[in-house]
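Peer 1: Make the full structure from the sequences, and use the hints.
There are 2 protein chains.
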Amino acid sequence: MKLTPKGMRDFPPEEMIVREAVRDRIISIYRKYGFRPMATPAMEYLDTLRAKAGEEIDKQIFVLKDEKLALRFDLTVPLARVAANSDFPRPFKRYYVGPVWRKEEPQKGRFREFYQADVDIIGTKSMRADAELLVMSNELCNEFGFKEPKIMLNNRKILDALAKKVGFEKEKKEVFRILDKMDKIGEDEVEEGLRDVLGVRAEELLEYTANNRTNEEKLESVRKISGEGVKELEEVLSFCDFPVEIDLSMVRGLGYYTGPVFEIKLSEDIGTVMAGGRYDTLLSVYGRADYATGISVGIERLIKLVMEKEKSRKKTYSRVFVACATQEFYKDTINLAAYLRKNGILAETDLNERNLRKQFDYANSLSIQYAIIVGKRELSSGRFTLRNMETGKEESLSKEQLAKKLKT
Amino acid sequence: MKLTPKGMRDFPPEEMIVREAVRDRIISIYRKYGFRPMATPAMEYLDTLRAKAGEEIDKQIFVLKDEKLALRFDLTVPLARVAANSDFPRPFKRYYVGPVWRKEEPQKGRFREFYQADVDIIGTKSMRADAELLVMSNELCNEFGFKEPKIMLNNRKILDALAKKVGFEKEKKEVFRILDKMDKIGEDEVEEGLRDVLGVRAEELLEYTANNRTNEEKLESVRKISGEGVKELEEVLSFCDFPVEIDLSMVRGLGYYTGPVFEIKLSEDIGTVMAGGRYDTLLSVYGRADYATGISVGIERLIKLVMEKEKSRKKTYSRVFVACATQEFYKDTINLAAYLRKNGILAETDLNERNLRKQFDYANSLSIQYAIIVGKRELSSGRFTLRNMETGKEESLSKEQLAKKLKT
Chain A
541 MKLTPKGMRD FPPEEMIVRE AVRDRIISIY RKYGFRPMAT PAMEYLDTLR
591 AKAGEEIDKQ IFVLKDEKLA LRFDLTVPLA RVAANSDFPR PFKRYYVGPV
641 WRKEEPQKGR FREFYQADVD IIGTKSMRAD AELLVMSNEL CNEFGFKEPK
691 IMLNNRKILD ALAKKVGFEK EKKEVFRILD KMDKIGEDEV EEGLRDVLGV
741 RAEELLEYTA NNRTNEEKLE SVRKISGEGV KELEEVLSFC DFPVEIDLSM
791 VRGLGYYTGP VFEIKLSEDI GTVMAGGRYD TLLSVYGRAD YATGISVGIE
841 RLIKLVMEKE KSRKKTYSRV FVACATQEFY KDTINLAAYL RKNGILAETD
891 LNERNLRKQF DYANSLSIQY AIIVGKRELS SGRFTLRNME TGKEESLSKE
941 QLAKKLKT
Chain B
541 MKLTPKGMRD FPPEEMIVRE AVRDRIISIY RKYGFRPMAT PAMEYLDTLR
591 AKAGEEIDKQ IFVLKDEKLA LRFDLTVPLA RVAANSDFPR PFKRYYVGPV
641 WRKEEPQKGR FREFYQADVD IIGTKSMRAD AELLVMSNEL CNEFGFKEPK
691 IMLNNRKILD ALAKKVGFEK EKKEVFRILD KMDKIGEDEV EEGLRDVLGV
741 RAEELLEYTA NNRTNEEKLE SVRKISGEGV KELEEVLSFC DFPVEIDLSM
791 VRGLGYYTGP VFEIKLSEDI GTVMAGGRYD TLLSVYGRAD YATGISVGIE
841 RLIKLVMEKE KSRKKTYSRV FVACATQEFY KDTINLAAYL RKNGILAETD
891 LNERNLRKQF DYANSLSIQY AIIVGKRELS SGRFTLRNME TGKEESLSKE
941 QLAKKLKT
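For the record, the sequence lines run as chains A and B. Okay, so the first sequence: first residue is 541 according to my numbering, each after it adds one. Okay, so the second sequence: first residue is 541 according to my numbering, each after it adds one.
Hints are computed from structural coordinates only; laboratory data are not their basis. Hints may contain errors.
Since the list gives no way to pick one copy over another, a pair counts as held whenever it fits inside one copy or between any two copies.
Think about it this way: if two alpha-carbon atoms lie no more than 25 Å apart in a straight line, the pair counts; the simulated PhoX-like pairs of lysine-lysine are [stated by the list, open to error]:
{"hint": "1", "residue 1": "K592", "residue 2": "K939"}
{"hint": "2", "residue 1": "K724", "residue 2": "K844"}
{"hint": "3", "residue 1": "K712", "residue 2": "K724"}
{"hint": "4", "residue 1": "K944", "residue 2": "K599"}
{"hint": "5", "residue 1": "K947", "residue 2": "K705"}
{"hint": "6", "residue 1": "K882", "residue 2": "K855"}
{"hint": "7", "residue 1": "K764", "residue 2": "K665"}
{"hint": "8", "residue 1": "K855", "residue 2": "K665"}
{"hint": "9", "residue 1": "K871", "residue 2": "K939"}
{"hint": "10", "residue 1": "K546", "residue 2": "K608"}
{"hint": "11", "residue 1": "K882", "residue 2": "K690"}
{"hint": "12", "residue 1": "K687", "residue 2": "K871"}
{"hint": "13", "residue 1": "K648", "residue 2": "K704"}
{"hint": "14", "residue 1": "K721", "residue 2": "K844"}
{"hint": "15", "residue 1": "K945", "residue 2": "K854"}
{"hint": "16", "residue 1": "K605", "residue 2": "K643"}
{"hint": "17", "residue 1": "K542", "residue 2": "K599"}
{"hint": "18", "residue 1": "K945", "residue 2": "K849"}
{"hint": "19", "residue 1": "K871", "residue 2": "K690"}
{"hint": "20", "residue 1": "K713", "residue 2": "K592"}
{"hint": "21", "residue 1": "K871", "residue 2": "K643"}
{"hint": "22", "residue 1": "K643", "residue 2": "K712"}
{"hint": "23", "residue 1": "K608", "residue 2": "K643"}
{"hint": "24", "residue 1": "K592", "residue 2": "K605"}
{"hint": "25", "residue 1": "K599", "residue 2": "K546"}
Peer 2: Listed below in structure tokens is the structure:
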């Protein structure tokens with residue numbers, strides 16, 4: 541029998557403990573800014589998914605046997621569907637951490653089921669919303685120990701204006717696709733690709749998109765071409781008290797973006813971990829039109845980084861293992877464990893009727909830091925041996941002292 | 541365009557806030573007892589699901605178009621698959637809260653996507669494990685305000701022994717199916733059904749399963765028939781310092797149970813919210829045989845009860861709305877909000893460039909308890925107006941005082 545489905549993963553406790561912690565840390569930042577949780581089903585009508593992505597999406601998604609339903613490939617389409625058909629007060633600021641499914645050929649670091657952590661703001665055209673997403677993203681990077689994230693900003697309005705000005709509206713899709721590959725194929729190949737498609741016009745475009753200039757120089761160079769696009773970015777920048785780099789070559793996919801687009805790297809040498817942008821036209825596909833901007837946090841990447849950083853992996857939440865010296869004292873053992881739990885201490889006991897040494901082996905196999913021994917002497921004296929399993933150090937403590945000591 | 545898929549749900553913030561809280565409260569109890577998180581994908585190979593439930597399961601599950609994969613219909617089969625193929629230290633105590641999918645005809649309170657909250661203990665035959673599940677379930681009921689849950693206990697070994705003794709091994713499946721309907725059709729109909737199938741033998745069976753007796757009387761009446769089954773239940777009872785009712789008529793499905801089975805109602809008149817039992821043979825289907833017992837918490841039911849109990853629904857986590865008196869002070873507004881967030885206070889600002897009244901309308905629409913006004917006077921004096929949006933009461937406070945006041 542085959543085991544875990546191809547390209548998917550079972551998450552053992554060691555990994556889940558990291559995953560739960562990363563998720564909780566991300567969500568606690570989202571909540572700090574007033575984002576509210578909203579969840580949608582794993583499945584959507586195939587029509588809903590196609591409405592955004594066309595019929596070619598069918599190849600990349602998991603379609604159900606009845607051909608009416610399919611598993612969602614992102615969290616944005618379901619959000620757009622709900623937001624376009626609801627009357628939540630505006631702005632509707634929502635967060636959602638959940639799995640999405642894509643039928644990709646599995647390869648290193650790519651999975652057919654993976655989690656996304658999205659925040660979106662529906663119902664305001666103000667750049668304050670886009671700026672808040674960057675402020676929050678910056679805080680999120682800091683929270684995970686990356687004090688100098690590389691935050692890049694562009695505006696699809698400027699890119700569209702460039703297409704007009706340089707004269708590649710016909711070749712726009714192709715040009716954007718090439719620009720979008722910068723991280724993958726590098727500057728030289730991008731330039732070559734552009735020259736192939738645009739001929740001499742490539743030089744003009746490359747002058748506009750050059751990155752060896754200050755933000756001011758970049759914005760100045762396109763102000764006459766896209767006044768509104770520049771004004772929007774200047775407004776976003778005015779709310780950011782941390783480095784943000786204007787990158788006029790950044791496209792962020794061929795999708796639905798209509799205004800500012802952003803991309804955040806945790807540091808110069810760690811790839812993109814958050815990305816997003818404004819998509820003011822998507823909701824109209826699903827009902828009522830409305831403004832929208834959002835950012836998606838690559839939570840899988842963050843989890844991977846946190847796991848690589850940690851030297852030892854936590855295997856359980858348990859703080860203490862309450863061992864019984866001999867089987868006759870098991871009832872006393874669970875009574876002591878119950879007392880500790882009542883005091884908020886995560887405590888477990890032996891469910892296998894094993895001898896003391898084997899109980900310790902189990903506690904050690906999960907790296908539980910403390911063990912308490914419950915035996916005849918302990919019960920008659922009311923003082924229990926607390927053993928630090930890492931150092932081997934032992935103390936004799938009353939019930940109350942145990943609770944106090946283990947709480948800290 | 542169709543919206544939410546049939547029989548599935550979008551969860552708006554008001555509902556998600558309750559759902560997240562219920563989930564967290566359940567999980568914090570699981571962790572207290574040393575349970576560890578382990579997650580599996582939404583999909584399994586169809587063969588994996590059929591291995592437990594037979595090909596007839598196909599009608600009830602969502603099969604993917606390629607006919608190799610399907611969405612899981614419970615959390616036990618995936619657990620059994622992983623546990624039978626892993627070397628986690630034993631006992632492997634795992635929890636998992638996640639969605640499952642069943643292709644049922646949607647009806648009141650039944651959904652095609654719903655969440656389960658499971659705990660299982662793999663790798664011990666000791667009744668300590670089954671008892672721990674009951675102790676934990678009792679605590680869980682108390683946690684949700686139900687101080688006198690109705691906890692029922694039986695043993696499949698006793699039921700099997702009764703089939704032999706009364707002589708209905710041939711009709712066992714049918715008899716169990718009838719007994720299992722007790723909650724749905726009531727005692728009279730069950731008796732009638734049994735008489736239809738068993739004739740005079742029904743009377744003998746009904747004597748054994750009668751419930752108007754003490755636990756001791758019930759166990760005594762079957763001790764000679766199923767010594768081991770009785771001993772197991774006595775052991776479980778010996779670890780429970782709260783009422784547990786032996787119910788020899790309780791079957792808990794036709795599935796895979798092999799030993800103690802349990803069912804927990806929050807109170808006499810609220811239906812079953814947790815149920816489970818021992819399934820020592822299931823793992824062998826997926827690889828290595830091992831002991832197993834577990835309980836599934838009907839988290840959807842708990843969520844519904846909590847929502848019905850609460851008079852007012854929380855709409856956001858935000859503690860305070862930081863309003864700007866006029867647009868020019870927006871930067872100061874976000875600076876104050878940033879200061880509050882640094883102090884752990886959940887704060888949001890106006891992303892729509894609205895006037896003060898409309899900002900208050902928004903804060904009120906989300907029932908945010910406090911609002912702060914940032915204007916010229918406030919900025920020059922360093923004292924801000926804090927408004928309690930419920931009472932209308934206002935105070936003038938410094939930044940530091942705001943942080944202190946809002947923290948509590």
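Peer 1: Looking back at the hints listed earlier, which ones does the structure fail to meet?
Peer 2: As far as the earlier hints go, 1, 4, 5, 13, 18, 21, 22 are violated by this structure, in ascending order.
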